[in-house]
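Chains A and B are the protein sequences, given in the same order. Mapping of the first sequence onto the working numbering: position 74 corresponds to residue 74, and the numbering continues sequentially without gaps. Quick note: to get the working numbering, add 312 to the position in the second sequence (first position is 1).
Derived from the structure by calculation, the hints contain no laboratory data. Think of the CB as a built atom: it goes at the ideal place given N, C-alpha and C, for glycine as much as any other residue. Be careful, since some hints might not be right.
Just some of the chain B residues that point at chain A, by a computed CB distance under 10 Å [to be verified]: (1) 362; (2) 367; (3) 404; (4) 409; (5) 441; (6) 454; (7) 513; (8) 527; (9) 605; (10) 607; (11) 611; (12) 612; (13) 622.
There are 2 protein chains.
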Amino acid sequence: MELRELGEFGLIERIRRAAGRRPAGAVALGIGDDAAVLRPRTGEDIVASTDAMVEGVHFRFGNESARSVGRRALVANLSDLAAMGARPLGFLWALAAPPRLDVRVVDGLLRGLLDEAELHGCPLVGGNCSAAREVSLTLTVLGAVKRGCALTRRGARAGDGIYVTGVLGAAALDRSRAERGGRVRFVAEPRLAAGRALARMRGVGACIDVSDGLDADLAQLFGGRPLRPHLDVERLPVVRGFRAACARLGLDPEALARGGGEDYELLFTLRPGALSEAALSRRLAVSVTCIGHVAAGRAPRRKAAGWSHFRA
Amino acid sequence: MELRELGEFGLIERIRRAAGRRPAGAVALGIGDDAAVLRPRTGEDIVASTDAMVEGVHFRFGNESARSVGRRALVANLSDLAAMGARPLGFLWALAAPPRLDVRVVDGLLRGLLDEAELHGCPLVGGNCSAAREVSLTLTVLGAVKRGCALTRRGARAGDGIYVTGVLGAAALDRSRAERGGRVRFVAEPRLAAGRALARMRGVGACIDVSDGLDADLAQLFGGRPLRPHLDVERLPVVRGFRAACARLGLDPEALARGGGEDYELLFTLRPGALSEAALSRRLAVSVTCIGHVAAGRAPRRKAAGWSHFRA
């Protein structure tokens, strides 16, 4: 069946049924009204972020299942909440799609979104459907964090250690395989628990999630300030077998780890004398690696690798 | 200059400068971090809604300025807050656009968004930029309303009066003129103050904003319930000169007022014995017309006129 046979209201009803109609958690009013109503706890700030996945730009149905596209879309958004130290309240899904699209594609996207939503306690609470020439998913996630305690990109100081959760380059390696005739299989883990733990810790400087690539996101933390990252490149954490896999594909492992993007690991700085890597890893419930420190002085002007839209 | 010359980060910086960087009102952290941080007052619920405007579906640059597109996009979203009785906190803007788009088009969209934002105290707090084949704006507005006091589509009862603010059909008339070689000029007024007043009043049943058209939105209030609207069609409020203008264009004024859509007036029900039209108009600071009442019993099955996506 094509979307045009189902119609907008048929589609909304289909999504509402799949998402479940009962208010739960922070959701006072979900899908089906003019807007969703969410109920934060007393003394919480609201954290909001929006992110789009566009067919032909961020994904192709030729080498990725609709479910995977849906999962990756929500992960990218949840990762922004993680980087702020927020807990998820719910998300909105704006879908644009051609009227002739097979409804099974929408079902796949929806399944991916809802599977990931359930994993992280972030219910679908509303959205929008529109006709368009290409498929795109624009998600908005809403979260909550103790008032005044959101992590931000500002706040790094000279002398801070630079840390990253998990491993880098896995998403880029997966994409490289997919470009060579494979399929996109890697779905990152948004570091929500780690972000919340960081928001409760003392001595945290700046925090960002690695979405555009390590170098590009380091530039976000230090760009325009008299600070520069001093990286210990040998320490960049990668998944077991990463270098061998890169060698087989003729890829530079360091370039992939530093410029690949879509890692969705947390990149943060800590005041010197803070916890050991092992203690930090326990506290954040994920492996944490110190990859360098913040030095005083501006970085030499250099185009960071990493993803930027609109560039030729 | 084309977008691809400016680049994603250049564009974000351009938007950030235009939007202003200083936190204000409910905005604890605006554009430029992983997410925006908003601070509701104690005892408030958060209201969130997302809506998209897609080139070739909702607008054409051939007959409408970019500024008007931007203004209409934010009005459509703010109207959803109005229908919930919420005050605006801020909005997010996800822009998708072809890399070859002239930056002046983006500047026009931005000016329209920011002009309308300033009128209604709803600052731009974040967003996303992505390449795409066609231009689209997906906005998410966030608002706040006293806990448990959000207006909803549910809550109408048999015997309630049916009321509408302002006039109907003006947007549809404007679009009809534009389709005949004119330009889109009409920008509706989101009824934020009226919505907030309704949220504080006793005796309000259901509330919705007229976006798809009066008949379609009445169906949203009563569909699937043993209730139906009994309209006094003679009383439908239209702008002065509306019937003559329709006659000149060969249009049916009743069809336009009932099925046109994008009116962004509030449509609501009130328990019988509530205020007079004049007293209501004063309370809501906008003209209010009683256009009928809610009757018991299901409406006969009939396809309501009004906009639905994906239909051929």
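Verification of the supplied hints:
| no. | hint | result |
| --- | --- | --- |
| 1 | 362 | holds, 4 Å |
| 2 | 367 | holds, 9 Å |
| 3 | 404 | holds, 4 Å |
| 4 | 409 | holds, 8 Å |
| 5 | 441 | holds, 6 Å |
| 6 | 454 | holds, 6 Å |
| 7 | 513 | violated, 18 Å |
| 8 | 527 | violated, 13 Å |
| 9 | 605 | violated, 22 Å |
| 10 | 607 | violated, 23 Å |
| 11 | 611 | violated, 15 Å |
| 12 | 612 | violated, 18 Å |
| 13 | 622 | holds, 4 Å |
Checked against the numbered hints listed earlier, the structure breaks hints 7, 8, 9, 10, 11 and 12; every other hint is satisfied.
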